[in-house]
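In the numbering used here, each number is its position in the first sequence, counted from 1, plus 7.
It is worth saying that the hints were derived from the structure and are not from the lab. Keep in mind the model is a prediction, meaning the values are calculated, not measured. Do not rely on the hints blindly, as some may be mistaken.
Straight line, CA to CA, 20 Å or less: simulated PhoX-like cross-link-like pairs of lysine-lysine [said to hold, decoys possible]: (1) K165 <-> K200; (2) K219 <-> K165; (3) K347 <-> K327; (4) K22 <-> K219; (5) K207 <-> K219; (6) K60 <-> K200; (7) K126 <-> K165; (8) K166 <-> K28; (9) K195 <-> K207; (10) K166 <-> K140; (11) K126 <-> K144; (12) K126 <-> K56; (13) K28 <-> K140.
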Amino acid sequence: MLVDFDYFFAQCEEKRNPSLKDQPIVVCVYSGRTEDSGAVSTANYVARKYGVKSGMSIFLAKRKLAEVNAVFLPVDRSFYEETSNNIMSILRHYADSFEQVGIDEAYLDVTEKANGSFKEAQRLAQRIMDEVKSREKITVSIGVGPNKLVAKIAADFKKPNGLTVVEPQQTESFLAPLPIDRLFGVGKKTSEKMETLGIKTIGDLSRFDVQKLIANFGKTLGTYFHYAALGLDDSPVSEKGMAQSVSRISTLREDTRDVAVIMNKIETLCEDIYINLSQMGIEFKTVSAVAVLKDMSVHSRSRTFENPVPNLELLTNTVKELFHRLIGETNLEIRRAGVKVSGFSEKHEKQRRLTDF
DNA sequence: GTATGCTTTCGGC
DNA sequence: TTACGGCCGAAAGCATAC
């Protein structure tokens, strides 16, 4: 099953201040450029009725809510994380195996706990909803299905506070009428491409020739789409280990090509990342610079070292060098600057090398 | 021809 | 007509090794 926390950031704000409950709430990431510059992270369902959606500009959200008494709040991630951690530890108790996805979603394999019965799984899901509501005052939506792919789509089917069970023999008829963008991995670009091929629903996709899918989307994706449309998925529910990358990105006060301004921002981002990772004893070998230009296009350059980056200076200098390259390859001004590190390894007391013998 | 690793872009939340 | 964050993982695309 998939457990999805309803409009999570905005619901956390309702929990913190219940008097806001009946008003539109919009949780925002402010960029600090102008008073209202930035994007909507999450809105509660009252705000969604007015057309407010995740990712839209705060400016547009304000216009949609101009006539009503709406609340705009900045994201308070550490507060949401605390609630999230509490809910996740409740969920673990119900699962044979558990897989957290982001801050507000988790897959639970309950095959054994439910004795392989979907009726049992449904009762389990209801108990989870009740316990999370009574202990954390948060509603969740749950999808139960024969695998992760179906469970995810089922959870999306009825929200908020919804429970949808799709048994194996119902899978095909459940999926067939749904639009293709409900499938994980099918976003705006892919669905546009599929529509030119005459594919609008998951049913259309399931009837489409596999070889033609592969010709259009490549072997990996083409094969995946074919099986996904049939509701087939054998990926296991398994705990994700350490993150594979850590990044920081920040919007500059104004679009600029001023190297001093950009380098200044980069230094701060590098320090933040380096301090965090070295405290956790994590080393990294790959360093990337990310630039979002005036036209919103995203560009990146990276460099991988043979050994872990030994100090903050090397990190900062490398990112600066990569950024110089990015600036040199465009005439446009830079809007946002970012740093990413990956290629992790845990720090050893002392690495033994061949030369030690 | 296959396996593997690195760089860059894409998509989800 | 515009407006527009900050992350993450996955996959494509390419190069290299065998």
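- Message: Just to be careful, I want the Cα atoms of K219 and K165 compared with a cutoff of 20 Å; is the pair within it?
- Response: Judged against 20 Å, a Cα distance of about 33 Å means the pair is violated.
- Is the hinted pair K28 and K140 satisfied, with a Cα-Cα distance of at most 20 Å? Holds, because 15 Å separates the two Cα atoms, which is no more than 20 Å.
- Message: Next pair to validate is K165 with K200; report whether the Cα-Cα distance is within 20 Å.
- Response: 27 Å, violated
- Item | Given pair status - K165, K126, alpha carbons within 20 Å | Answer holds: K126 to K165 is near 18 Å, not above 20 Å.
- Regarding the pair K126 and K56, is the alpha-carbon distance no greater than 20 Å? 34 Å, violated
- Is it true that the CA of K195 sits at most 20 Å from the CA of K207? Status holds; Cα separation ~12 Å.
- Message: Hinted pair, alpha-carbon criterion (20 Å max): K166, K28. Please report holds or violated.
- Response: Holds - the C-alpha atoms of K28 and K166 are around 17 Å apart, at most 20 Å.
- Query: Is K22 within 20 Å of K219, Cα to Cα?
  - Reply: It is violated: about 50 Å lies between the C-alpha atoms, which goes past 20 Å.
- Query: Does the alpha-carbon distance linking K60 and K200 stay inside the 20 Å limit?
  - Reply: 24 Å, violated
- Query: Are the Cα positions of K126 and K144 separated by 20 Å at most?
  - Reply: At roughly 26 Å apart (the allowed maximum being 20 Å), K144 and K126 break the hint.
- Item | 20 Å Cα cutoff - pair K166, K140 | Given that 20 Å is the threshold and the Cα spacing comes to 15 Å, the pair holds.
- When you check the alpha-carbon spacing of K347 and K327, does it fall within 20 Å? 12 Å, holds
When the structure is compared with the earlier hints, violations turn up for hints 1, 2, 4, 6, 11, 12 and for no others.
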